[in-house]
Amino acid sequence: MIKSMRQPTLETLGLGTVLEIFQRGQMPVNTHDLVEQVFGNSESRGSLVISGVNGIVGAGKAMQLSSRLEQFGVGIVGLDFPGTPDGVGRQYQGLVRAFGKKRADKVMANIIQLTYDGVHLPSELNELQPRFLLEAIPEILDIKKAHYKLFRGIFPEIEIRSVTSGFPSSELGVGIAHPAFPHEINKVWEVVEPEPSPITQLFWALGLIPISVSDHWSFILDVLFCGITLAGLRYHNATNMPFWKIDKYIRKIIGPNPFRAHDVIGAKGANFLTWSCLHHLAEKYGELFRPTVDLVEHKESGQNWYPPNHFRPVVNWHLEGDEEEEFLSWIQGALFQMASLLLYEKRGHFSHINAIGELCAQFRRGILAVIREAGTDTAVRRVEAYHKLHPEAAKNTWYPSVFEEMENPEWQQLYVNAEHDGKVGVITIGRESYNSDVDSELNRAINWLKAEKILKVIVTGDFHLSTQMVGADTNEFFPALDNRDEGFRISSSWSKTARRLHNEFQVSVGYVNGKRCLGGFLELFMHCHYLISRDDAVLGMPEVTLPVVPGMEGCHWPFRKANREDWPKLLQLLLSGKSVAAGETVGWLVDYAAPMEEALQTVWKIVTEGDHGLQRRRIEEGVLKGIPLDVPLSDPDSPETEAARKAIMETVQNSCGVALPEALTIQARHSADFMTSDTCRRGVIGAEFSRVMTV
Amino acid sequence: MKEETSMYPDARIPYGTWGSSYFPAWQMSALAEVNIGQFAGESMNKILGKRGVPKRELEYLVIGSTVPWHWKFWNAPLVASCLGHRIPGYHMEQACATGLQAILLAAAEVEGSSYDVVGVLTFDRTSDSPVGVFPERRAYRRTEVLADVWDNFGFDPATGNAMIATAGKAARKYKIERKEVDELAYYRYKQYFEARDSGFLDRVLVPLEVLDLQGRLLGRVDEDAGVRAVTLSGLKAMRELDTCVTAGTQTHASDGMASLLVTTKNRAKELSPQPEIDIKFIGKTEVRTLPSLMPEAPVLAVQKLLKRTSLTMNDMVVVKNHNPFAVNDVIFSKVMDYDWHKMNTTGCSLVWGHPQGPTLTRIVIESLEEAVSLGGGYVLVFGCAAGDVGIAAIFKVEEGGK
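Protein chains in written order, with numbering that gives the first Met the number 0: chain A, 0 to 694; chain B, 0 to 401.
Rather than coming from a laboratory, the hints here were simulated on the basis of the structure.
Note that the coordinates shown come from a computational prediction; the quantities given were computed from them, not determined experimentally.
Cβ coordinates follow ideal geometry from the N, Cα and C atoms, glycine included.
DMTMM-like, lysine to aspartate or glutamate: derived pairs with alpha carbons at most 25 Å apart: (1) B/54 to A/323; (2) A/577 to A/641; (3) B/49 to A/319; (4) A/251 to B/211; (5) A/387 to B/56; (6) A/387 to B/269; (7) B/54 to A/296; (8) B/54 to A/299; (9) B/54 to A/321; (10) B/54 to A/325; (11) B/54 to A/322; (12) A/148 to A/126; (13) B/49 to A/325; (14) B/54 to A/319.
If you want the footprint, here are the derived chain B segments under chain A, 3+ residues with CB under 8 Å: (15) 34–45; (16) 203–215.
Okay, chain A solo, but in the shape it has when bound (with noise of 0.2 Å):
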């Protein structure tokens, strides 16, 4: 009997627990079991089929699914209409860069492309043995219908799924898999099926990120990423601000610029899309959702939000007085009461609905965190506000109530989530950086763990919404780039949730399941007793080509775990900033690591106390001397490079050269000076924080 905090998202899939995948030290699907019920076994192998592939999603969805069904010998069919421009090979200078050409010829000569005439299919499909049908044609209801009834004629055991991001299944007829742009590389699909099929748990196995959403007009995605589309538009229409300075507020407040994506993906789509989906959940929900002027003429007209290049904007704007706080009503009000209405149909996992912003919308982060933050009181008048400057929007789909149950482990536990058998848990964290929700949600669980009289924990991905950990969201950093104290207050903050890994548990145990594990998160793993990964996961510590000092204690940490004559690879570490497999730094960096599920029992073994033959490092807590002065390097590729190495070098010669009860305080210092430095102003996050922050 498992019992978890709140539902891991991963049941949604219909995958079990992650406790379950470390009990039977194996994952739940296999992907070649999943190969052959989708596409029969290999002496019968079929393919997929993807029509209209060589639109922005066809053509990117086919490089992504060729370039991992390719070694399970399915191919991929590629159906247009005869004369489309070519979309697929515009995509294989990027499958080169991605893959080396080897590999993306590989990819290519995997898909096979055909054309039809929109009535007919081809007869060489028939020896091709279509088992499923990626629809990618036109936003159109007809067509759509009429080209599943077309494939089912022909192929009536065909399963088929829709990219749409505007119609129900229950509209279509067939099933949803609404991929996020940018199409080649983004991992989620936003699935619509009445149980988790075997297609969705194959897409799982592959590594990509499908998330069950409910049967509604427009997806979460949609109903977030057009709806702030429209937020800006509101505001566009009440104050002339021009369509790119707001996009810089948004961008500001929220993350994402939603003229300039629309303007990226092809204005000309990408505005048929934003004001269909709102169009339909106008019709449905009323004006909340309702297309503004300018979206009808843009969509008819397919021209770009930004002005051309000729007419780069010469009159600045601001907001000044309280014009913030109308700018915020009119954006974050109109979010916040579209984000009611998702959680109260009950939209999807509330974990899903905050992640597929961030993961799909450039939300630095999610919509339900920010909602939080506020709290209920913050949020509903926020809408309110709302509604006094576009009162049409107060008079439905407004659902203030759904803001009332905000200390529910739903609404806390939206990236970490805690399960346990009674003996031992599992701590998940479904965000690929560490920002102050995981800080929070992570001291949530382990407080929830320890309550639960559980002494033995393993701390590891989601296997579902984050599939690696880069470390530290910089984002974090931006008020410790002029406020020291601020600097100081997360960096130790944040070590002290990592050393309650260590402290307050007989038996921790990091496992790194994703394909990389970075900076902070590498930082909070090696606070755990134990740390395993898979052999072929990367780890590194890249703070010094931000640069930044790392403040999680990396400067110190691993030392005290080290034998000494590993000192020198841990500097190399930290001061060059490459990574290395996990399967070289065993003995010095991890514990133990090896394939997948020989890492996986492995755990178990540990946290169970069966035969794992792993000796617990224990940590040196008094001063450590001999730490290397110097290490071999190439040379510095900047002047911000090489102060960076000195202050890390520093901070690893005074932190180690107090006692463990010290050295918390003294590298927390060390990253807060350093974040205020001209140096580090200069770098990635200054640089990313003038950018994004001075509007």
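The hints should help you fit chain B onto chain A, whose structure is shown.
Showing chain B alone in chain A's frame:
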């Protein structure tokens, strides 16, 4: 006040929806670096936003400028696109009268029921004006090269004289004394600085930031750059360039834009933040005087207009003119027997410069704003224009008063 007739009884200027940029002197600001048509369109959009007028209210656009600008061929529709609202419109120009004539033409569009809300947008950039190459069969090179601003200032093809020569000639005709011209110019500066320091200009002028190609700040247009305090003795000491004309008693070239709306009576109430203020068009006229006597043309136009409207100078609460030469005001005062101290009380183009197209638009805006602050009444706006032309118009502000 007398019962007047209005030339455009259905047209109104909605109070408080106008705005002008500052007019930095030639080559003294970031405006020297931009496409002025684009700048004007974007600025009008911003001004409307600040005034609480959604740009979608605009149905038509009358633009006025005199110095060719890049892509001028596309005229008002292009400027409207830069404003962010794809509406039709046209471009007009009448040299220095452009800023007033554009307003009157917009009123005609409303009066004719073509549109309910017409935008007036005037602008010019005298900095780096283009140089044109024209085929000219009488030139030995068979080609004539013309720097649009300065060559035209320096040569009226109809008379063969420069602008400045018209001021000297008119001064001699009216026997104007240099002493009075210097005193008038000094007083005009004093009026400008008093208006600026009182905050009056903040009600009509909008500070703007100009961006470079990378989207970074190129410069701020937040002052009439180039205007500096003068002393009477300094003015008196200046070298005379022609009779009664010195560098201190004539205007300077500048850059800028100005905009306002013309609409129907009902729409004016909806668009204005103070709907009780009613601004009407009373009348307008133009005259063309004898060759090279441009500074006397405005007073002749005013005389004609007063006669046609049966109004007198005593009926006017605000009198303001475009006065590229201080001589203009002295002649006006002498002919009309009107105290020049009572004119141009918030500044004038003699002081803050002359970007040409928007000059008289700014003068109208300042005049109407001043009339509102005085409780309403008749407003006389006039000025001279290339070709020895004078233009004059009367507006009426009612139910104003603060």
